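One-letter residues, chain by chain:
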Amino acid sequence: MTEGTGTPLLPPTRAEYCVIACAEAWRDAGEILASPMGVIPSLGARLARLTFAPDLLLTDGEAMLVRPDGTVEGWLPYRQHLALVTGGRRHVMMGASQIDRFGNQNISCIGDWERPKRQLLGVRGAPVNTLNNPTSYWIPRHSRRVFVEKVDMVCGVGHDHAGGARYHRIPRVVSDLGVFDFATPDRTMRLASLHPGVTLEQVGEATAFALTVPDAVPPTREPTAEELRLIREVLDPQSTRAGEVGT
Amino acid sequence: MSDKTMTAQEVVSRLHSGMTLGIGGWGSRRKPMALVRALLRSDVTDVTIVSYGGPDVGMLAAAGRVRKLVTAFVTLDSIPLEPHYRAARERGAFALMEIDEAMFMWGLHAAANRLPFLPVRAGIGSDVMRVNPGLRTVTSPYDDGETFVAMPALRLDAALVHVNRADRQGNGQYLGPDPYFDDLFCAAADTAYVSCERIVDTAELTKEAAPQSLLIKRHTVTGVVEAPNGAHFTSCAPDYGRDEAFQKTYATTPWPQFAARFLGGDEQAYRSAVREGS
Numbered sequence: 001m002t003e004g005t006g007t008p009l010l011p012p013t014r015a016e017y018c019v020i021a022c023a024e025a026w027r028d029a030g031e032i033l034a035s036p037m038g039v040i041p042s043l044g045a046r047l048a049r050l051t052f053a054p055d056l057l058l059t060d061g062e063a064m065l066v067r068p069d070g071t072v073e074g075w076l077p078y079r080q081h082l083a084l085v086t087g088g089r090r091h092v093m094m095g096a097s098q099i100d101r102f103g104n105q106n107i108s109c110i111g112d113w114e115r116p117k118r119q120l121l122g123v124r125g126a127p128v129n130t131l132n133n134p135t136s137y138w139i140p141r142h143s144r145r146v147f148v149e150k151v152d153m154v155c156g157v158g159h160d161h162a163g164g165a166r167y168h169r170i171p172r173v174v175s176d177l178g179v180f181d182f183a184t185p186d187r188t189m190r191l192a193s194l195h196p197g198v199t200l201e202q203v204g205e206a207t208a209f210a211l212t213v214p215d216a217v218p219p220t221r222e223p224t225a226e227e228l229r230l231i232r233e234v235l236d237p238q239s240t241r242a243g244e245v246g247t
Numbered sequence: 001m002s003d004k005t006m007t008a009q010e011v012v013s014r015l016h017s018g019m020t021l022g023i024g025g026w027g028s029r030r031k032p033m034a035l036v037r038a039l040l041r042s043d044v045t046d047v048t049i050v051s052y053g054g055p056d057v058g059m060l061a062a063a064g065r066v067r068k069l070v071t072a073f074v075t076l077d078s079i080p081l082e083p084h085y086r087a088a089r090e091r092g093a094f095a096l097m098e099i100d101e102a103m104f105m106w107g108l109h110a111a112a113n114r115l116p117f118l119p120v121r122a123g124i125g126s127d128v129m130r131v132n133p134g135l136r137t138v139t140s141p142y143d144d145g146e147t148f149v150a151m152p153a154l155r156l157d158a159a160l161v162h163v164n165r166a167d168r169q170g171n172g173q174y175l176g177p178d179p180y181f182d183d184l185f186c187a188a189a190d191t192a193y194v195s196c197e198r199i200v201d202t203a204e205l206t207k208e209a210a211p212q213s214l215l216i217k218r219h220t221v222t223g224v225v226e227a228p229n230g231a232h233f234t235s236c237a238p239d240y241g242r243d244e245a246f247q248k249t250y251a252t253t254p255w256p257q258f259a260a261r262f263l264g265g266d267e268q269a270y271r272s273a274v275r276e277g278s
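Protein chains in written order, with the numbering used here: chain A, 1 to 247; chain Y, 1 to 278.
Among the hints, erroneous ones may be present.
Said to hold, decoys possible - With a straight-line cut-off of 25 Å between C-alpha atoms, the simulated DMTMM-like cross-links for lysine to aspartate or glutamate are:
#: 1; chain 1: A; residue 1: K150; chain 2: Y; residue 2: E90
#: 2; chain 1: Y; residue 1: K248; chain 2: A; residue 2: E244
#: 3; chain 1: Y; residue 1: K4; chain 2: Y; residue 2: E226
#: 4; chain 1: Y; residue 1: K68; chain 2: A; residue 2: D152
#: 5; chain 1: A; residue 1: K117; chain 2: Y; residue 2: E90
#: 6; chain 1: Y; residue 1: K4; chain 2: Y; residue 2: E146
#: 7; chain 1: Y; residue 1: K68; chain 2: A; residue 2: D112
#: 8; chain 1: Y; residue 1: K248; chain 2: Y; residue 2: E267
#: 9; chain 1: A; residue 1: K150; chain 2: A; residue 2: E205
#: 10; chain 1: Y; residue 1: K248; chain 2: A; residue 2: E62
#: 11; chain 1: Y; residue 1: K207; chain 2: Y; residue 2: E226
#: 12; chain 1: A; residue 1: K117; chain 2: A; residue 2: D60
#: 13; chain 1: Y; residue 1: K68; chain 2: Y; residue 2: E90
#: 14; chain 1: A; residue 1: K150; chain 2: A; residue 2: D160
#: 15; chain 1: Y; residue 1: K248; chain 2: Y; residue 2: D77
#: 16; chain 1: Y; residue 1: K68; chain 2: Y; residue 2: D201
#: 17; chain 1: Y; residue 1: K68; chain 2: A; residue 2: E205
#: 18; chain 1: Y; residue 1: K207; chain 2: Y; residue 2: D190
#: 19; chain 1: A; residue 1: K150; chain 2: A; residue 2: D186
#: 20; chain 1: Y; residue 1: K217; chain 2: Y; residue 2: D190
#: 21; chain 1: A; residue 1: K117; chain 2: Y; residue 2: E267
#: 22; chain 1: A; residue 1: K117; chain 2: A; residue 2: E62
#: 23; chain 1: A; residue 1: K150; chain 2: A; residue 2: D181
#: 24; chain 1: Y; residue 1: K217; chain 2: Y; residue 2: E10
Claimed, not checked - If you want a taste of the chain A side facing chain Y, the calculated C-beta under 8 Å gives, among others:
#: 25; residue: F52
#: 26; residue: Y78
#: 27; residue: L120
#: 28; residue: V123
#: 29; residue: R124
#: 30; residue: M153
#: 31; residue: V154
Claimed, not checked - From the derived model, a few chain A residues whose C-beta atoms are all more than 10 Å from chain Y:
#: 32; residue: P11
#: 33; residue: D28
#: 34; residue: T51
#: 35; residue: E62
#: 36; residue: R118
#: 37; residue: G122
#: 38; residue: D181
#: 39; residue: L211
#: 40; residue: P214
Treat the hints as calculated values from the structure; they're not laboratory data.
Only a predicted model underlies this, so the values are computations on that prediction, with no experimental measurement involved.
Glycine residues also receive a C-beta, built at the ideal position from the N, C-alpha and C atoms.
Produce the entire structure from the sequences given, and follow the hints as far as they go.
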């Protein structure tokens, strides 16, 4: 793996594995809106757009639909964005202050809702997102405080609350330790891949509920040389990604 | 045609304690802050606020004016958690109707359309239903038989919004990238007050901007207030961006100290205090 100068590429960092793992959420997604929240999901969505998901729509984070070079190709103010959500042609990757084994997510408050110990953002668009379009999650610091047995307030709807809702889908959860899905008979969380350098014990210690672990857990895939070049030289030359997960 | 221009103080003199007030903008974006400041100078209290919340909610909550809040979030955008709102919630200072962003929008649509509710998919399965025991569901009468939340109309006694330009009759224009929901707030309200950066002649409105920038129609508007810098410290693109330094001062200064320093006098005094403070 060498570049034009003959300098060997530095091995992928943890943040770069996370970018790849987030990008994979949008593989084969087709002509839909990718709505990433957070630095690493944003890099992942743009990487997917530049490589294996070229038909994705992306916003500038405000009211414009933009191509990767910044060219405006459409207008999407909040009111149209909310309508697009209910149309279903979107895959959002949200954050989570808490997430449980069924994929229920909380960003509203910690403690008793009537008088919270810690007021957070509020439910925001989590209820409409989870009932209408695929919703994945990104958790930059995997810990027992986030991966909890039961969330204090169900904002994003998990499998035990969805009641078979028609358009409910939680494709994946990406953390700084690995990738998770719900491919189990009771739709509880399963370890899908471990980022290189992470052990099973680390994930177990950082998760407050019983996680399904298959007999053989694959590593998160390696980035290609072209993907590393795009991340390092085109999408994030200032390495803002390192600030979100460390190394 | 009637001239609807008035001062912020005249607007507030038409508001009463116990009213349900809708506040336009979104988070820390194009909030009618001059009207909120006038409200803070008045003795109007015990209000129900309906808002995609930002510092409007934070200030009114800190000042103890809020009986009930209807919202999907409260944020300062560049500072994700609104500190004064947060403190008020953690001391149980007011009642809360916490709903999803889309439920909120459809609640305004229902009110603007004089409907008792609109069916929405959002909310089903979430704790929005648990914390709002008054919310009802409705089942589709067609073959699909799907169950929806019957989002009740968010009818307002008064709406307060801020736009870039308006004429004296209440035709309001936004010039930034996003209209937010200000037209809906006005249509959902019995009375609506529009503050603007500049009042212009009607013919000026379409001289340099396209007619689709004419967001608010005069038949939904009761009063027009010329309030230059009236969204400060929230953003009001393209006239100005958010005053991040001042927002940080707001977020990090204890409320009584902030209120004494910046909200003791009129709007003119506010502007001078902001200039001195930065």
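Hints, one by one, checked against the model:
Only pairs whose Cα atoms come within 25 Å are accepted, and A/K150 paired with Y/E90 is accepted, the gap being roughly 21 Å. A distance of roughly 22 Å separates the Cα atoms of Y/K248 and A/E244; the hinted pair therefore holds under the 25 Å criterion. At roughly 11 Å between alpha-carbon atoms, Y/K4 and Y/E226 fall within 25 Å of each other, so this suggested pair holds. Restraint check for Y/K68 and A/D152: the C-alpha separation of about 22 Å stays at or below 25 Å, so the hint holds.
Our distance criterion of 25 Å between C-alpha atoms is met by A/K117 and Y/E90, whose separation comes to about 6 Å. As the CA atoms of Y/K4 and Y/E146 are separated by approximately 46 Å, the hinted pair breaks the 25 Å bound. For the hint linking Y/K68 to A/D112, the alpha-carbon distance of about 18 Å falls within 25 Å, and the restraint holds. Under the criterion of a C-alpha separation no larger than 25 Å, the hint pairing Y/K248 with Y/E267 is consistent with the structure, at around 20 Å.
Distance check on the hinted pair: A/K150 and A/E205 sit about 17 Å apart at the alpha-carbon level, within 25 Å; holds. For the hint pairing Y/K248 with A/E62, the CA-to-CA distance comes to about 22 Å; that is within 25 Å, so the pair holds. Only pairs whose Cα atoms come within 25 Å are accepted, and Y/K207 paired with Y/E226 is accepted, the gap being roughly 20 Å. Pair hint A/K117 plus A/D60 does not hold up; C-alpha atoms about 34 Å apart against a cutoff of 25 Å.
The suggested pairing of Y/K68 with Y/E90 holds, with an alpha-carbon distance near 14 Å, which does not exceed 25 Å. About 11 Å separates the Cα atoms of A/K150 and A/D160, which keeps this hinted pair within 25 Å; it holds. Of the pairs offered as hints, the one joining Y/K248 and Y/D77 holds, with about 12 Å between alpha carbons and a cut-off of 25 Å not exceeded. The straight-line distance between the Cα atoms of Y/K68 and Y/D201 is roughly 39 Å, outside the 25 Å bound, and the hint therefore fails.
For the hint pairing Y/K68 with A/E205, the CA-to-CA distance comes to about 42 Å; that exceeds 25 Å, so the pair is violated. Taking the CA atoms of Y/K207 and Y/D190, the gap is about 31 Å. The hint is violated against a cut of 25 Å. Only pairs whose Cα atoms come within 25 Å are accepted, and A/K150 paired with A/D186 is accepted, the gap being roughly 16 Å. Between Y/K217 and Y/D190 the alpha-carbon distance is near 14 Å, which keeps this suggested pair within the 25 Å criterion.
A C-alpha spacing of about 36 Å is found between A/K117 and Y/E267, which places the hinted pair above 25 Å, so the restraint is violated. Between the alpha carbons of A/K117 and A/E62 the distance comes to roughly 32 Å, so the proposed pair goes past 25 Å and is violated. Distance hint between A/K150 and A/D181 is fulfilled; the C-alpha atoms sit about 17 Å from each other, no more than 25 Å. A hinted pair counts as satisfied when its Cα atoms are at most 25 Å apart, and Y/K217 with Y/E10 qualifies at roughly 21 Å.
For the restraint placing A/F52 at the interface with chain Y, the shortest Cβ-Cβ distance is roughly 30 Å, beyond the 8 Å limit, so the hint is violated. The criterion of a C-beta within 8 Å of any C-beta in chain Y is met by A/Y78, whose closest approach is roughly 6 Å, and the hint holds. With 8 Å as the threshold, the beta carbon of A/L120 comes within range of chain Y, its nearest partner Cβ sitting at about 7 Å, so the hint holds. This hint holds: A/V123 has a C-beta 6 Å from the nearest C-beta of chain Y, less than the 8 Å allowed.
The beta carbon of A/R124 comes within 5 Å of a beta carbon in chain Y, closer than 8 Å, and the hint placing it at the interface holds. At about 5 Å, the closest approach between the beta carbon of A/M153 and any beta carbon in chain Y falls short of 8 Å, and the interface hint on this residue holds. Among the interface hints, the one on A/V154 holds; its C-beta lies about 4 Å from the nearest C-beta in chain Y, closer than the 8 Å criterion. With a least CB separation of 33 Å from chain Y, A/P11 remains clear of the 10 Å interface cut-off, as annotated.
The beta carbon of A/D28 sits about 25 Å from the closest Cβ of chain Y, which is more than 10 Å, so the claim that it is off the interface holds. Every C-beta of chain Y lies more than 10 Å from that of A/T51, the closest at about 29 Å, which supports listing it as non-interface. Once the 10 Å rule is applied to beta carbons, A/E62 is inconsistent with being away from chain Y; the minimum gap is 6 Å. With a cut of 10 Å on Cβ distances, A/R118 falls inside the contact zone with chain Y, its closest approach being about 7 Å.
Distance check on A/G122: its Cβ comes as close as 4 Å (rounded) to a Cβ of chain Y, failing to clear the 10 Å threshold; non-interface status is violated. The claim that A/D181 is not at the interface with chain Y holds, since no C-beta of that chain comes within 10 Å of its own (minimum 19 Å). At roughly 23 Å from the closest C-beta of chain Y, the C-beta of A/L211 stays outside 10 Å, upholding its exclusion from the interface. No Cβ of chain Y approaches the Cβ of A/P214 within 10 Å, the least distance being about 28 Å, so the stated non-interface status holds.
The structure does not agree with the numbered hints 6, 12, 16, 17, 18, 21, 22, 25, 35, 36, 37 stated previously, though it agrees with the rest.
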